[in-house]
Amino acid sequence: MTEDRTNPSEPRRGAPLKRARPRVGLDARPAGPTRQAHALDDDANPDGERQVRPWEVEAATPVAAEDQPKRRRRTVAELLADVPEDAVIVTRRLTKKYGEFTAVDSLNLTIRRGEVFGLLGPNGAGKTTTVLMLLGLTEPTKGVVRVVGLDPTREPLAVKRQVGYLPDNVGFYAGLSGRENLRYTAKLNGIPRREAEARIDELLAEVRLEDAADKKAGEYSRGMRQRLGIADALVKSPTVLILDEPTIAIDPAGVEELLGMLRRLVDERDLTVLLSSHILGQVQSLCDRVGFYANGKMVASGPLDELAGGTAEVELEVGVEGAPSAIDPVAGAIPGVSSVRPHERNDRFRIVTASSDVAAPLATALAAAGLPIVHLRRRGTDLLELYRRYVPEGIDGRAH
Amino acid sequence: MAAPTDTPRPAGGAAARAASRRSERAPSGGWRTIAGKEMADHLGSIRFIVLLVVVAIAAVVPMYFISSDISSVAPQAAGQPAIFLALFVAGSNAVGGVTTIAFAALFVPLVGIAFGFDGINSERSQGTLSRLLAQPIHRDDVVNGKFAAGIAVIALMIGVLIAFVTALGILRLGIIPSPEELARVFVWFLATVLYASFWLAFALLISTAIRSTASAALVGFGTWLALILFGGFLLPALAGALFPVDTTGTPDAILSANAAQHLFLRLSPATLYQDVVTAVMNPNTHNLLGLGNLGQYVSAQEQVPNLLSIDQSILLVWPQIVALVALTTLLFALAYVMFLRQEVRA
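These protein sequence lines map, in sequence, to chains Y and A.
Following our numbering, the numbering of the first sequence begins with 29 at its first residue and continues without gaps.
Following our numbering, the numbering of the second sequence begins with 16 at its first residue and continues without gaps.
One should not assume that every hint holds.
Unchecked claim - Pairs of lysine to any residue, SDA-like flavour, derived with a Cα cap of 20 angstroms:
(1) 125(Y) - 170(Y)
(2) 244(Y) - 62(A)
(3) 125(Y) - 358(A)
(4) 244(Y) - 58(A)
(5) 244(Y) - 56(A)
(6) 125(Y) - 152(Y)
(7) 125(Y) - 356(A)
(8) 170(Y) - 181(Y)
(9) 325(Y) - 121(Y)
(10) 244(Y) - 208(Y)
(11) 170(Y) - 356(A)
(12) 244(Y) - 229(Y)
(13) 244(Y) - 141(A)
(14) 244(Y) - 61(A)
(15) 170(Y) - 325(Y)
(16) 170(Y) - 129(Y)
(17) 244(Y) - 54(A)
(18) 244(Y) - 140(A)
(19) 170(Y) - 359(A)
Just so you know, the hints here were simulated from the structure itself, not pulled from any lab data.
Since we're looking at a predicted model, the values are computed, not measured.
Work the whole structure out from these sequences, hints included.
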């Protein structure tokens with residue numbers, strides 16, 4: 029399978045690597061048309077969705093492990109063969125291992141210019157590790173990363189010049205004021221003083237910190253720090269914004285304010301945004317697309333409504349007064365219903381699966397059978413349900 | 016650049032690439048920005064003021080008493096060579112015979128540790144490290160900038176104090192030091208900054224290795240204290256055990272065992288610094304390592320006591336200076352490599 033490696037007679041045609049470092053599975057060399065064809069074969073989706081979204085390697089529905097063909101080593105060119113012109117963040121088979129532990133497992137991600145992408149997953153799913161690899165702050169074990177067309181491992185400075193980053197649990201120098209903290213960032217980015225001052229004033233106003241700008245950052249509240257962090261990420265006028273858990277540990281009102289602020293800033297500046305979170309509802313309003321992340325794997329990605337409607341079937345949660353087993357014959361008799369099964373967590377409820385929304389006939393039928401309905405709800409449209417569907421190992425306590 | 020022709024790039028990628036190449040060639044000088052910020056932090060910190068006061072007292076008190084002593088014996092001291100340097104190297108009985116240079120040797124490590132023990136780990140605990148490293152700077156700029164800022168602040172502090180003590184000495188004694196004496200004081204200043212840099216590098220190393228600032232401070236100051244309390248007798252005892260002097264042996268054997276012990280003690284930076292200071296501040300120092308054999312002993316006995324010129328004094332301790340630079344570089348390199356290999360996340 030590893031034709032690139034097992035053919036010693038073929039001379040290396042690629043330009044020499046800038047830094048001689050063993051790059052497992054990667055070989056920078058021009059790809060012939062045959063290799064590209066291979067690459068396309070390899071990633072082909074059985075449902076033919078590729079024509080619609082060639083960059084979307086993971087389909088909107090969960091990809092079962094057996095669907096993924098056995099992986100062979102491929103060249104960088106092959107891996108990047110299907111990347112669209114306007115992709116800003118690209119990862120292919122991105123893998124990070126800490127010893128035996130795989131933090132990020134063969135991640136394929138494509139984010140196009142102007143998109144807001146939400147990386148959703150429980151704590152420890154590998155979100156922060158992914159973000160650090162995008163910034164070149166951690167070296168990938170395997171795979172390819174391209175941010176604004178550059179490899180962050182080789183050209184970290186060029187990438188970091190264009191990417192604004194709000195780290196998980198952002199901190200500031202407690203002895204300096206908010207303004208001085210931003211000034212330091214501007215200086216590190218080599219922004220001329222006068223330009224920096226104007227930009228800092230503008231940003232402080234936008235994140236509504238102009239009154240607290242000259243207070244010491246050590247006196248800031250958590251929400252203020254987070255807002256200062258957003259201003260800090262924008263000081264360098266980035267084209268890409270990476271936000272790691274921007275809403276963590278902020279009260280609901282603060283979250284709403286923060287998200288509104290982000291929405292405005294993103295729209296004004298035409299930014300490409302990657303934001304990671306484990307709190308779904310809070311980022312729902314912001315994201316064009318989301319990806320569900322669990323144990324270092326992207327289990328599903330796509331626009332939220334597509335994910336929600338990803339399965340053709342509709343699931344209804346039903347509960348009646350009395351024993352739930354009474355539901356089974358009534359629901360089973362309704363046309364279109366394919367199965368009736370017990371609820372996973374609540375043994376008083378039944379789950380009715382049907383090819384279309386059968387809520388109305390079901391309610392009528394149950395009433396006719398003399399079973400008062402205490403609970404009737406359609407599943408799947410709710411984000412939490414999605415989360416439960418895609419992230420089976422359970423959710424963090426802070427998700428509501 | 017790994018095969019820039021092969022991968023399909025998004026629009027603007029080529030321009031970004033060219034821009035990055037330009038800036039890669041002319042680095043942003045991130046370490047200078049970091050050093051500037053760190054220096055401002057140090058100079059405004061309470062720790063700087065406290066250390067300045069403590070070290071100033073330590074330097075001025077012995078100087079004050081010894082200058083009184085010298086003044087009182089002025090008639091006898093009139094013809095004495097290098098009388099000005101006696102201000103630094105002689106100790107008054109009023110303060111237990113402690114000299115200014117001994118006080119400096121005692122407190123300089125403290126200063127070095129104080130400006131470095133929280134260099135890296137405080138960035139980590141404050142949550143500023145990942146933000147800092149997400150800026151377009153090289154990762155080593157952080158360590159370099161912090162080291163440079165530390166040295167600059169220490170040099171400033173020691174320089175000011177030495178200038179102050181020298182001025183005080185001139186006023187109290189009423190003698191003008193010769194250029195050679197001033198040059199010796201200047202070399203002493205450089206050696207002291209070098210010694211402080213050694214401890215600064217050590218402090219940066221522990222601040223990289225130990226995540227908690229409190230633990231790092233304890234380890235740093237503990238090492239300093241241990242060196243003061245036990246270094247004075249533990250190292251010689253160890254040297255004695257490793258190279259025992261056989262008193263029944265030939266004089267040559269005794270002398271060579273002695274020399275080996277002396278050499279062993281030079282593993283300690285404190286001894287190295289002491290050697291340098293002794294040679295530089297005492298022009299009549301001819302030998303630091305002891306005598307290796309009987310021949311050297313005899314020739315030393317026959318030597319007419321004379322004063323070395325400053326270049327001869329420096330030549331005498333050149334190996335010690337080189338060793339001190341090497342130890343500092345080694346510690347700094349360790350801290351540097353460790354920091355570069357560390358994961359960014361806590």
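| said: Against the 20 angstroms threshold, does the CA-CA distance of residue 170(Y) and residue 356(A) hold or violate the hint? | reply: Cα-Cα ~18 angstroms, so holds.
| Is it true that the CA of residue 244(Y) sits at most 20 angstroms from the CA of residue 229(Y)? | holds (16 angstroms)
| request: Please work out if residue 244(Y) and residue 208(Y) have their alpha carbons no farther apart than 20 angstroms. | output: holds (9 angstroms)
| query | Is the straight-line distance between the alpha-carbon of residue 325(Y) and that of residue 121(Y) 20 angstroms or less? | reply | holds (10 angstroms)
| query | Quick one, are residue 244(Y) and residue 58(A) close enough, alpha carbons at most 20 angstroms? | reply | The hint holds at about 18 angstroms.
| field | Given pair status - residue 358(A), residue 125(Y), alpha carbons within 20 angstroms | value | Given pair residue 125(Y), residue 358(A) holds - Cα atoms ~13 angstroms apart, limit 20 angstroms.
| When you check the alpha-carbon spacing of residue 170(Y) and residue 181(Y), does it fall within 20 angstroms? | OK: residue 170(Y) and residue 181(Y) at ~12 angstroms, within 20 angstroms.
| query | Is the Cα-Cα distance between residue 244(Y) and residue 61(A) 20 angstroms or less? | reply | holds (17 angstroms)
| message | Tell me if the straight-line CA distance from residue 244(Y) to residue 141(A) falls inside 20 angstroms. | response | Given pair residue 244(Y), residue 141(A) holds - Cα atoms ~14 angstroms apart, limit 20 angstroms.
| message | Just to be careful, I want the Cα atoms of residue 244(Y) and residue 140(A) compared with a cutoff of 20 angstroms; is the pair within it? | response | Roughly 17 angstroms separates the two Cα atoms, so the pair holds.
| query | Given the hint that residue 170(Y) pairs with residue 325(Y), does the C-alpha gap stay at or below 20 angstroms? | reply | This hinted pair holds, its Cα atoms lying about 14 angstroms apart.
| field | Given pair status - residue 54(A), residue 244(Y), alpha carbons within 20 angstroms | value | Judged against 20 angstroms, a Cα distance of about 18 angstroms means the pair holds.
The earlier numbered hints are all upheld by this structure, with none contradicted.
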